[in-house]
Amino acid sequence: MDHRPQAWGRPRDDVYGAYDASYLHTDGPKTATQSPIVTGTSVIAIKFKDGVVIAADNLASYGSLARFTDVKRLRTFLSTSVVGFGGDVSDMQFLDRHLNELAIDEAYEHDIVSTGAEADQPTGSAAGQLNAANLHKYLAKLMYRRRSDFDPLWNQVLVAGFDAQAKPFLASVDLRGTTFTSPSLATGFGAMLAQPIMRRFAATEEDAARLTRDEAVNVVKECMKVLFYRDARSLDRYSIAVVTKEGVELSEDEQLEKQSWAFAERIRGYGTQVV
Amino acid sequence: MTSIGTGYDLANSIFSPDGRNFQVEYAVKAVENGGTSIGIRCKDGVVLAVEKLVTSKLLKPNANKRIATVDRHLGVVYSGMIPDGRHFIERARDEARAWRDTFKTPIATADLASRMGGYMQAYTLYQSVRPFGITAIVGGFDSAAETPVDGEVGNGPACGAGGKVAGKTHGGPFLYMIEPSGLYWGYYGAATGKGRQAAKAELEKLDLGGPGGPALTMEEAVKEAARILYVAHDDDKEFELEMTWISGADGPTKGAHHEVPKALREEAERLAKQAQEEKMEE
Amino acid sequence: MEFGNSGSLREDGIHLDMDRLKKGEVNMAVTFKDGVILGADSRTTTGAYIANRVTDKLTQVHDTIWCCRSGSAADTQAVADIVKYQLELFAMTNGKPPTTQTAGAIFQELCYANKDRLSAGLIIAGWDERHGGQVYSIPLGGSLHKQPYSIGGSGSTYIYGFCDANWREGMEEADAVNFVKDALKEAIKWDGSSGGVIRMVVLTAKGADRHLYLPDTDYKVRHE
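Residue numbers (the numbering used here), protein chains in the order written: chain A, 1 to 275; chain B, 1001 to 1282; chain C, 2001 to 2224.
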C-alpha cells in the first residue's frame, strides 16, 4: 500500500486500479471570484428640480426563492446622500459597514453642528464634507480596485445626492467599476423596464430640472409597479427616498398601490377559445 | 525634590527604593501645567470643557480644537502636553475602530477607558519610552436603546424581543478620567490641569452623585462648566472656552459627540462672566 | 501510482471529495414570549447513505447562545469552534457575557471573509439580558439577517408555506415548541435528507433547556 501523503484520501490503487482524477479539472486558472448568492434586484432613481428620488424593493432572493422580505437596500450617508444597492447582500453589508466607518472619520474632522449651521452649504453638510459626487468617486475607485484584484464586490450601486455645486447628483457604479451618470438611472431589470419609462419624463438634464418632486415620485412608483409585474425576483414592498437640500426622507416600508389585474377576466384560452 | 541626584528618576522601569516611579510623577507635573479640563456626567448626557490658553495672538480664534471625537458617541478632552494628547486620541480612535471591526457595534465608554488605561500604563513600564504627559477625560453616551449589528438587515418580531429582564435599563452617560500612571476611575465629575483644585471644589457642590443619579441636566451643566472654568482660571491670561456634549438618542446631539452650539456657549460664557463680576463686587 | 510535482492537483496533490461531507437536514430557530427555541432533525447523510441517524446539530457557543449548522459538517464545526473560543475570550476579557449580536458579528465575519472556501449556512439564536431572545440567519454568502424566526437546511424549502401560515409572534413556550415540532415533522416527512429524532433547545433567562422527541412515539412524548 502506498503510504505517501499524496495518496491520502484516495482509494488504494492496488485494490481499485489507478485513481481516475479526470473529473477534478484542477489545472485551470485559480479562481478567487465567486458569484452572488443572496441577491437584491433593481434600484431605480430619477433627478428632479430640487433633488433625486431613489427606490428599491425590500427583497433578498436566494436563487428563485424569496428568502428575506424585509431587506432595506437604500442606505443613507451622512444624512445627505443615499446609496441604493443591487446584487449580493453580503457585499452590500460590507460596503455599508465601510461607509459607516468613512462617516465616522468624517465626524472627526467636521463637526456638523458647530460648522454646518454657519457655513453656507447644502443639506446640512459641513464645508469640505463628502458629498454624493465624492462618495460616488470613492465607491467607483473601491469597486474598480476589487475587480482588479479578481475579487469583485458583486453589486450594482446608485448614488443619489448633491455635487459640489449643490446641483442634484445621480450616478452608478457596478462590480467592474464602470460608472455612468444620467438624469435617470436603473440597475438590473430596471435598466430594461424602468429606464425607458423614466426617460419619457427626464430625457435630458433640462427635463429633469423642470420635474417637480411629486412628478418624480409618481414616475418612480409607476416604475416599481412595472418591475413588480415583470421582474420575477421582485417584491411589492419597497423603500423610497427623496434627497433634497433639506436632507433625506426615507420610507422603508411602502406597499405598491393601484395594481392592475382585473383585465385577466377578459383573457380566455390562448387564441381562439372564448369560454 | 527628593529624587534629584539619586538617579532613580532617570528612567521608566526603575523604582525608587521607596516604591515610586519618578517619571510618572514628573508626567503629572506636566499635566498640572496644562489648561484646566473638566467633564460632567449629567442626567441626560455628558459635558466636556477645556480652558484653552491662548499662547499667541497669531493663532486663529476658535481654530485648533482641543476636544476630539472618538467613534461617534465618545469625546476626549485632556490637560498637559498637546502632542501626547493627539497621540492618545489617535490610539483611542484606533481602539474604537478595532472594536467595531471585530464586534460590529460601537465600543462602550467603559471598554474604551479600560483599553486606554491599559495603553497609558504600558508607557510606565519600559526603558525606551516615557509616560504620557496628559490626564485624559473620556466622556461617552452608550446607547440606551437596542442597536443593530453594523450592516445587519431585517427585523425581529414586531412585538419586540421576548424574555428581556423587566425594569432593567442599559447604557447611559459615562465619564472616566485616565492619569499618566494608567490609573483610571469612573467619575460623576472630573477635573484636571492647572485649575483642578478649584474646579473640583466647584464640581463637588453640584448635584451629581445622588442616589437617583445626577439631577443636573446637560444645559445646566454647560453653564456650570463655563462658570467653573472661569472660577478656576488664572486671572489675566487670555483663554478660549471650548465645550462639547453628548446626549442620548432623544437629546440635542442624538447620541453623538458634538460641539455645544455657539449660541448656548456664548450664553454660558456671559453668565460665567456675570457671576465672576458679582463675586468681585462682594 | 506515480506522483509528479507539477503543482497540479490532478497529478500530485491530495484531495478530498468535498461533496461527500455535506449533509442534508432541516433546522430552525424561533423567538417566543420568553426567549428563543432552536430545533433540528438528526439525520446526516453522505449521498443517500445515512452516516449518522442520531446527530446533534444544535451547537452551544456560549451559555445561552447556540447555533444550528447546515452545509458541510466539517466547515460548520470548525467555524462554531472558533466562535466558541472567541466568545469565551470575550466573556473573560470584558467581564460580561457576550450578546447574541456579538456571536452573530463574529460568525458573519468568518463566513463572509472565507465565503469562497466555506459551505456553511448558520442560524444563530440566543438569549441575553439586554436583547432578550434573538434570531440571526447567516446564509451561504455570509450576509447577516435578523429575523423573528428562521428556517435552514435543505429540508427547509418544504416548510416555507407551513411556517409562514402558522407562525405567530410572541407565542407561549408550549405553543412555540409545538410550532417547531410540527414544522420539523413536515420537513422530515417530505425531505429524504431529513429524518430521525427531533432535538430542541429552549433558551430563556433560566438558561438552556433541552428537549428530545422520538419517531417511535410519533414525536409526542418529551424524553430527557
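Each hint should be verified, as a subset may be incorrect.
The calculated lysine-lysine pairs, modelled on BS3-like cross-linking and capped at a C-alpha distance of 25 Å, are [unchecked claim]:
1) C/K2115 - B/K1168
2) C/K2033 - B/K1043
3) B/K1060 - B/K1200
4) C/K2033 - A/K141
5) C/K2096 - B/K1164
6) A/K137 - A/K245
7) B/K1273 - A/K245
8) B/K1168 - B/K1200
Simulated coverage check for chain A against chain B, where a stretch passes if three residues somewhere in it have a Cβ under 8 Å from a Cβ of chain B [unchecked claim]:
9) 97 to 106
10) 217 to 231
No wet-lab data here; the hints were simulated from the structure. Each residue gets a CB set at the ideal place from its N, CA and C atoms; glycine is no exception.
Hinted pair, alpha-carbon criterion (25 Å max): B/K1273, A/K245. Please report holds or violated. Between B/K1273 and A/K245 the Cα gap is close to 39 Å, so the pair fails against 25 Å, i.e. violated.
Verify the proposed pairing of B/K1060 with B/K1200, using a straight-line Cα cut of 25 Å. violated (30 Å)
Does the alpha-carbon distance linking C/K2033 and A/K141 stay inside the 25 Å limit? Violated, because 47 Å separates the two Cα atoms, which is more than 25 Å.
Does A/K245 lie within 25 Å of A/K137 when you go C-alpha to C-alpha? OK: A/K137 and A/K245 at ~20 Å, within 25 Å.
Would the hint linking C/K2033 and B/K1043 be met if the CA-CA limit is 25 Å? violated (32 Å)
Does C/K2096 pair with B/K1164 here, judged by a C-alpha cut-off of 25 Å? Answer holds: C/K2096 to B/K1164 is near 17 Å, not above 25 Å.
When you check the alpha-carbon spacing of B/K1168 and B/K1200, does it fall within 25 Å? Violated, because 32 Å separates the two Cα atoms, which is more than 25 Å.
The segment 217 to 231 of chain A covered by chain B? Criterion: 3 or more residues, Cβ-Cβ distance below 8 Å. violated (count 0)
Three residues minimum, CB to CB under 8 Å: does the segment 97 to 106 of chain A make the cut for coverage by chain B? Let me know. holds (count 4)
Measure nothing beyond the straight line between the CA atoms of C/K2115 and B/K1168; if it is 25 Å or shorter, mark the hint as holding. violated (39 Å)
Violation of the numbered hints given earlier is confined to hints 1, 2, 3, 4, 7, 8, 10; the remaining hints are satisfied by the structure.
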